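Enquirer: Protein sequences, first through last, are from chains A and B.
Residues 1 to 284 (the working numbering) make up the first sequence, in order.
Residues 285 to 676 (the working numbering) make up the second sequence, in order.
Keep in mind that the hints were calculated from the coordinates and are not lab data.
Predicted, not measured: the structure shown is a model, and the values here were computed from it.
Check before you lean on any hint, since a few could be wrong.
What the hints assert, rightly or not - With a straight-line cut-off of 27 Å between C-alpha atoms, the simulated DSS-like cross-links for lysine-lysine are: (1) B:647 to A:249; (2) B:672 to A:51; (3) B:385 to A:41.
Stated by the list, open to error - Listed below are several chain B residues computed to face chain A (Cβ distance under 10 Å; list not exhaustive): (4) 542; (5) 590; (6) 594; (7) 661; (8) 676.
As the list claims (entries may be wrong) - Listed below are several chain B residues computed to face chain A (Cβ distance under 7 Å; list not exhaustive): (9) 380; (10) 523; (11) 529; (12) 544.
C-beta: ideal position from N, C-alpha, C; glycine also.
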Amino acid sequence: MTFPKVRVPYLLLFPGFAFLFTFFILPIVNLAQTSTQTPVKGGDTGQYEQKFAFGNYITAFTENREQFARSFIFASFATVLALAIAYPLAYAIAFKAGKFKNILLVLVVAPFFTSFLLRTIAWKQILGEEGFVVPGLRSLHIIGQQTTLTSTSIAVVAGMTYNFLPFMTLPLYASLERIDPRTIEAAGDLYANGITAFRRVTVPLSMPGVVAGTLLTFIPAAGDYVNAAILGSPNTKMIGNVIESRYFKIVDYPTAAALSFTLMAAILILVTLYIRKTGTEELV
Amino acid sequence: MANERSLSPEARSILGTQISRRAVLAGAGGLGAAGFLAACGGGSSSAGGDSKTVRWGNWPLYLDFDAKTKKYPTLEKFMTQTGLTAKYFEDYNDNDEFFGKVQAQLKLGEDIGYDVVTPTDWMAARWLRLGYTQKFDAANVPNKVNILDSLASPSYDPNRESSLTWQGIMAGFGWNVEKNPKGVHTLDELFAPQNKGKIVVLTEMRDTIGVILLAQGIDITKVTEDQFMNAVDFMAKKISDGWIRGVKGNEYAQDLTSGDATAVIGWSGDMFILSSENEGKFDFAIPESGGTISGDNLMIPSTASADGKKNAETLINYYYDPAVAAEVAAYVNYVCPVKGAQAAMEKIAPELVNSEYIFPTTKTSSRLHIFRSLTPDEETKWSEAFQKAQGN
């Protein structure tokens with residue numbers, strides 16, 4: 001049996017489209033509906049009816065501005081830190097590791113063998129009062145006797161940086177590794193010193209990796225709530241924590257849905273601006 | 285081991301037993317794994333509720349368990365005695381989550397797969413309000429009279445017609461003995477300078493705010509919205525001023541062991557297990573101004589069949605037998621709701637007979653209070669305020 005050629009692409013697209021429709025479009029539509037509901041008068045906890053209350057969005061946003069701002073600030077810090085750590089790492093693996101290349105790559109991915117949650121809890125122990133970090137820093141008088149590391153913004157940002165580091169490293173490595181070494185040699189032949197060659201040749205050629213890595217880090221970091229829940233305090237809550245508590249503790253589905261949409265929209269706008277600025281043509 | 289002598293009887297009993305609730309928690313990779321296994325095992329079989337079966341959904345690790353045989357001794361005895369098959373599911377992990385899972389079926393009157401469920405007081409109140417439960421046939425539950433007086437008439441079910449307490453949970457102060465050599469018995473002692481920034485309170489609103497309200501001299505069985513909001517503001521102030529480090533569920537135990545917390549508002553059973561594992565480093569007390577007591581309740585969903593209901597009643601009645609209740613209490617270390625279990629404990633774990641925390645005396649019971657039930661509006665509004673105070 002043969003298919004007319006025109007239909008083949010559609011048939012190939014079908015499984016993906018069906019998946020997206022069932023697990024993305026439908027839930028999104030449902031979420032959109034929920035976001036404009038209001039509580040049933042005299043109803044019980046968790047009973048809502050559709051009233052197209054778009055005011056939900058304004059209330060949800062204005063009441064949680066602080067957590068929104070914090071999410072984007074923390075995610076930005078974590079992204080910049082991850083880039084600062086991952087770039088030299090990916091560079092070393094791509095150009096200097098020689099026969100250890102594969103082992104190093106496995107080590108970058110190795111943390112994924114254990115659960116995200118367990119690793120974050122492990123950090124809580126490491127940074128805790130009876131871990132080795134705090135007593136060490138105290139005896140060196142780097143931090144005061146009363147200063148603690150867990151339950152601070154620093155711990156949350158550090159946790160996010162750590163957890164998303166592989167997402168930054170792998171795309172960077174992929175684009176660095178693809179650079180033809182002869183282009184760097186050519187830069188040398190044209191009298192560029194090491195720094196200039198790096199700045200004018202390596203960095204521009206690795207930009208697709210930088211853009212992909214920052215997106216893969218920033219987007220999940222902005223919506224993350226695990227790090228703030230485990231390593232933070234009530235004063236470092238992010239928007240993910242608010243959404244979680246609205247859903248499961250207060251049973252306020254409309255506000256949780258409105259917050260989710262606002263977060264998605266905010267991320268979409270930021271990402272669009274970012275890609276516009278860096279240019280997409282070079283990405284592929 | 286030298287320290288063992290200074291341990292409370294509860295702690296010593298835990299050290300002595302082969303396996304404690306927390307040992308299972310720590311050893312099996314936690315609640316998740318056990319719950320997951322239980323859920324897997326139950327998935328297919330939970331659908332069929334025949335005339336000889338009773339299906340019970342309970343919180344994880346909340347029933348005596350023999351690690352060697354991988355069976356629940358009291359439940360095994362129940363099956364031998366009655367000829368019924370009990371299917372036990374440890375998949376009641378969270379009140380709201382469980383409610384969300386079964387609510388649609390309850391509304392439609394379709395079988396939810398359980399003949400007995402175990403919601404906490406406030407959630408039990410919601411089930412009752414919505415008509416999602418069935419009244420017990422008194423003739424099938426004669427042991428009902430064994431319920432402790434202090435638990436016999438909660439506001440949501442004044443005559444205990446549809447619910448009976450499974451275990452009672454005391455909330456009060458827990459502390460690190462080295463940092464608080466004199467103990468923590470009042471709110472002022474909790475917020476003492478040595479604990480600044482190292483205090484953790486419970487996410488369970490009725491326990492944390494309940495303890496604060498009691499310290500402010502307010503009767504939590506009649507608390508008003510103003511009084512409640514006032515106590516929430518008190519907590520919010522303590523958070524923003526850096527006194528309270530976190531508002532947490534069971535994880536407060538980790539903070540105590542890691543030294544990140546030195547004083548907490550916590551649960552009795554947890555504190556004794558923690559103390560036993562750390563050579564008596566921690567202690568627990570009911571605050572001078574009183575502590576809260578809440579319960580998880582055995583209830584029959586409205587969707588249980590007539591046979592399922594009858595079998596459920598047989599099961600509930602069985603666990604209200606003092607000897608059986610004592611066996612469970614010796615394992616879980618929470619407040620035993622059954623009269624006569626104390627005498628029965630003599631044979632099972634004599635060192636626990638005089639434990640104030642499993643068998644509170646009348647004097648102790650009078651210091652424990654039940655948070656009043658809330659209307660749906662209050663529930664939403666109050667928990668919203670409580671969440672906001674935690675930065676959510």
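Enquirer: Evaluate each hint against the coordinates.
Expert: Verification of the hints:
At most 27 Å may separate the alpha-carbon atoms for a hinted pair to count; residue 647 (chain B) and residue 249 (chain A) exceed this at roughly 34 Å. Proposed proximity of residue 672 (chain B) and residue 51 (chain A) is supported: the alpha carbons are some 25 Å apart, at most 27 Å. For the hint pairing residue 385 (chain B) with residue 41 (chain A), the CA-to-CA distance comes to about 23 Å; that is within 27 Å, so the pair holds. A cut of 10 Å between beta carbons decides the hint on residue 542 (chain B): the least distance to chain A is about 4 Å, and the hint holds.
The criterion of a C-beta within 10 Å of any C-beta in chain A is not met by residue 590 (chain B), whose closest approach is roughly 27 Å, and the hint is violated. Against a cut-off of 10 Å between C-beta atoms, the interface hint on residue 594 (chain B) is violated, since the closest Cβ of chain A lies about 29 Å away. For residue 661 (chain B), the shortest C-beta to C-beta distance to chain A is roughly 8 Å, which falls under 10 Å, so the interface hint holds. At about 4 Å, the closest approach between the beta carbon of residue 676 (chain B) and any beta carbon in chain A falls short of 10 Å, and the interface hint on this residue holds.
Hint status for residue 380 (chain B) relative to chain A: holds, with the closest Cβ pair at about 5 Å, below 7 Å. For residue 523 (chain B), the suggested interface contact is upheld, since its CB lies about 5 Å from the closest CB of chain A, less than 7 Å. Because the beta carbon of residue 529 (chain B) sits about 5 Å from the nearest beta carbon in chain A, less than 7 Å, this interface hint is met. For residue 544 (chain B), the interface hint holds, since its Cβ comes within 7 Å of a Cβ in chain A; the closest pair sits about 5 Å apart.
Going through the hint list in order, the structure does not satisfy hints 1, 5 and 6.
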